[in-house]
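For chain A, the structure is supplied; the task is to place chain B on it using the hints.
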Amino acid sequence: MDFQLSEEQREFRHVVHEFVAKEVKPMARHTDETGEFNWTAVHKMGPLGLLGLEVPEAYGGAAVDAISAAIAIEELAWGCGSTALAVSAHNGLALGPIVRYGTEAQKQAWLPNLATGKGKLACLSLTEPGAGSDLQGGVRTTAVKEGDSWIIDGSKMWMTNASIADLMVVLCRTDPAGGSRSLSHILVPTNAPGVSVAPAEKKMGLNGSPTHAVSFEEVRVPLANVLGTEGRGLQQTLATLDSGRVSIGALAVGLAQAAYEAAVKYAHERQTFGQPIAHHQAVQWMLADAATEIQAARLMVYWAAWLKGEGRPYTKEAAMTKLFATEVSERVCRNAIQVHGGYGYSREFEVERIYRDTRLMTIGEGTSEIQRLVIARHILNL
Amino acid sequence: MKVVVCTKQTPSTTADLTVRPDGSVSWDDPGGKPNVVNPWDEYSIEEGIRLKENHGASDVIALTMGGDESQEALKTALAMGCTEAILLSDAAFAGADTLGTAKVLAAAINKVGDVQIAIFGKSAIDGDTGQTAVQTARKLGWTPLTFVSAITAVGNGQITVERLLDDGKETVTAPLPVVISTVKEINEPRYPSFMGIRKASRATIPVWGAGDLGVDGVGSKVDWSKVYALPAREGSVEIIDGDSVQQKAAKLVAKLFEEKVI
Numbered sequence: 007m008d009f010q011l012s013e014e015q016r017e018f019r020h021v022v023h024e025f026v027a028k029e030v031k032p033m034a035r036h037t038d039e040t041g042e043f044n045w046t047a048v049h050k051m052g053p054l055g056l057l058g059l060e061v062p063e064a065y066g067g068a069a070v071d072a073i074s075a076a077i078a079i080e081e082l083a084w085g086c087g088s089t090a091l092a093v094s095a096h097n098g099l100a101l102g103p104i105v106r107y108g109t110e111a112q113k114q115a116w117l118p119n120l121a122t123g124k125g126k127l128a129c130l131s132l133t134e135p136g137a138g139s140d141l142q143g144g145v146r147t148t149a150v151k152e153g154d155s156w157i158i159d160g161s162k163m164w165m166t167n168a169s170i171a172d173l174m175v176v177l178c179r180t181d182p183a184g185g186s187r188s189l190s191h192i193l194v195p196t197n198a199p200g201v202s203v204a205p206a207e208k209k210m211g212l213n214g215s216p217t218h219a220v221s222f223e224e225v226r227v228p229l230a231n232v233l234g235t236e237g238r239g240l241q242q243t244l245a246t247l248d249s250g251r252v253s254i255g256a257l258a259v260g261l262a263q264a265a266y267e268a269a270v271k272y273a274h275e276r277q278t279f280g281q282p283i284a285h286h287q288a289v290q291w292m293l294a295d296a297a298t299e300i301q302a303a304r305l306m307v308y309w310a311a312w313l314k315g316e317g318r319p320y321t322k323e324a325a326m327t328k329l330f331a332t333e334v335s336e337r338v339c340r341n342a343i344q345v346h347g348g349y350g351y352s353r354e355f356e357v358e359r360i361y362r363d364t365r366l367m368t369i370g371e372g373t374s375e376i377q378r379l380v381i382a383r384h385i386l387n388l
Numbered sequence: 102m103k104v105v106v107c108t109k110q111t112p113s114t115t116a117d118l119t120v121r122p123d124g125s126v127s128w129d130d131p132g133g134k135p136n137v138v139n140p141w142d143e144y145s146i147e148e149g150i151r152l153k154e155n156h157g158a159s160d161v162i163a164l165t166m167g168g169d170e171s172q173e174a175l176k177t178a179l180a181m182g183c184t185e186a187i188l189l190s191d192a193a194f195a196g197a198d199t200l201g202t203a204k205v206l207a208a209a210i211n212k213v214g215d216v217q218i219a220i221f222g223k224s225a226i227d228g229d230t231g232q233t234a235v236q237t238a239r240k241l242g243w244t245p246l247t248f249v250s251a252i253t254a255v256g257n258g259q260i261t262v263e264r265l266l267d268d269g270k271e272t273v274t275a276p277l278p279v280v281i282s283t284v285k286e287i288n289e290p291r292y293p294s295f296m297g298i299r300k301a302s303r304a305t306i307p308v309w310g311a312g313d314l315g316v317d318g319v320g321s322k323v324d325w326s327k328v329y330a331l332p333a334r335e336g337s338v339e340i341i342d343g344d345s346v347q348q349k350a351a352k353l354v355a356k357l358f359e360e361k362v363i
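Keeping their order, the protein sequence lines are chains A and B.
Be aware that the first sequence starts at 7, since it is given in my numbering, and climbs by one per residue.
Be aware that the second sequence starts at 102, since it is given in my numbering, and climbs by one per residue.
Chain A extracted, bound-state conformation (with noise of 0.2 Å):
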C-alpha cells in the first residue's frame, strides 16, 4: 500500500492548480454572477489536456490515468464549481462513453475536436421532465429508424453544457416494448434541424454552467449515430454514472477544500473578545472536522478512482465514494459560513457561492438516496 502520488501525478496537480489559480479562481465570481461562461480559461485548458484527459493520445487526448483525472476536477472545483462541473460533465459523461463504446470512426470524427477545445464542449442527455432516476421506465424521447437515419423526438432536460456543446449524447427509446433493452445512446449534432435548446434555466448556483431543457422535433441523424450497442443505452449510462460519480466527488472535494482554506484564512484574520476566533475552540472544532473530513472524501475519491483505473469493478465505491464526498462537501461549506458569521452570508465572501455549488453536488448524477440504494444492493445482495 503506497498512499503518495506518483511524480507525475503530482506534477499534473501542481500544473492544474497553478493554472486555475490564475485563471479560474480569480474569474469564479464573475462568471456566478453574470452566468458567463468562461470560455476564456476553457480554452486555454485544450493544450493543457484538461479537456480530452481520458482520451487517447491518438485522439489529441491526455490520456491521463483515473486518479490524475480526478485530481483535475477536484483543482478545476478549488477555483469555480461552474467551470468545474461543465468540464467534468464533458471529459466524464460525453467523452468517456465514445472513448468506451464509439467505434473508430465516430471517434475519429469527434473526439479530436473536442478534445483539444478546437470546438465546443459535449454533453449527455439523460433526464426527462418525467425522468430522473427511473430512466428505464421514465425515458419517452423515442429514436426510430426510418431509411439509413433515426428519427429523434422528445424532451430533455437538466442537460448541462446544451448551450456550448458541439455534440450530445443522447438516450432514446429505440424499442418500444420497454425494458432494460430498450434504450440507446445516439449522437446529436447540437446544429441538427429540429434540435432546440431553451434558455439557460436559474438555478440557486453553478450559474456559470449552464443548465438546459432540450427538445428533439424529427431529428434526423445517420444510423451509424448509435454508440455503443443498440438496446445497451441503459447499461451504458449506468456504467458512465459510476465514473461520473467519482468526478463529482472529486468536485465535493475541491468545492470543500476552497471552503476551509477560505475559513482557516477568515478565522486568523477575524478577531473577537480580544483574539483571532481561531484561538475560540468553538471555532478550532468546525475546522478540525473539516480538515479531517476532507481529508477521509479525497483518499475514498482516490480509491474508487484507482478501482476504476485497474479496471476493477467499482460501482458501489463510486456511489460511496459520491455519496460521501458530496454529504461532508454540504457539511464543510455550511460550517465555512458560520467560521464567517454574518460575513459568510454575504455576496462578497466566496463561501456564500461555494455552498450554493456544491449543493447540487447530493442531487447531480445520482441524488444520495439512489447512491444509497446502490450501497444497499450490493451489500445486501438485492
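Hints are computed from structural coordinates only; laboratory data are not their basis.
With a straight-line cut-off of 30 Å between C-alpha atoms, the simulated DSSO-like cross-links for lysine-lysine are: (1) B:Lys-300 / A:Lys-50; (2) B:Lys-300 / B:Lys-285; (3) B:Lys-134 / B:Lys-327; (4) A:Lys-126 / B:Lys-300; (5) B:Lys-134 / A:Lys-50; (6) B:Lys-134 / A:Lys-271; (7) B:Lys-153 / A:Lys-28; (8) B:Lys-300 / A:Lys-124; (9) A:Lys-31 / A:Lys-126; (10) B:Lys-300 / A:Lys-28.
Showing chain B alone in chain A's frame:
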C-alpha cells in the same frame, strides 16, 4: 538551426530571503512552495519553442547550471515543449558568480554545436543582476540583443528583433549567431501540457561537468565580504475618514502634498 534556452531554477516568487546571524542566506517559502523555473525564463522558453514552431528551428535545448535539484526546472522546460535538456553540474561550479556561469554556459553552447540563437530571461529573480546573458555573449563572441520584446524575422543568416527600452522601442537587425534576453512583453508563456509532463517525467537528463566542457577556474571574481539584511521598514497606517468618497480623496491629496509625496 538549433536554439538554446538558458534557464535557472530559483526560489518561488513568494519565498522570503533570510540572512542568518552567521551571514549565510536562505530562501524559504512560507507556504512550502517548491523552487521553480526562474519566472522570467518562462518567456524565453516559450520564445524558444515558438522559434521551432514558427521559424523552423530544429532543436530547442534547455540548459541549466546548478545542482541535481535543478533537474526540476529542466523538466518544466521539457514539459512546455523543449526538445532536449542538459544539466551543467559539477562541484567545481559551486559558488560561481555571473562571469563563472557565463563561462560554463558558453562552453556548453559550443559543445551543443550549430547553435544560432541563445535565449535568456531578462534576469533571475534571486540574484537579479541581469548580467549573465551579455557576459555569455561576450564569452561566445556573439552579438547580444537585450530586452527583446518581439522577434520579427529570422532568415538569411540574420535576425530582426524589437527591443523594449525606457524611452520606447527600437527595431534592430543582427547577423546570427546572437544571444537574446527577453522581457515579459514578448509572449504569453504556455502551461506545460499533460502530454509534455509525461514525456518530461520519463526523460533522462544528461549531466555535463567541468571535464566534459573543458572549463576550469570557474569560481567567483566577486567577493561577498559581508551579507546583511536590510533593516525592517518602519511606518504606520492611517485610515482616512470622511463623509463621502470625495471628502476622503480631498483629505488624502492634502496629506500627500503635506508629505511632499505629490
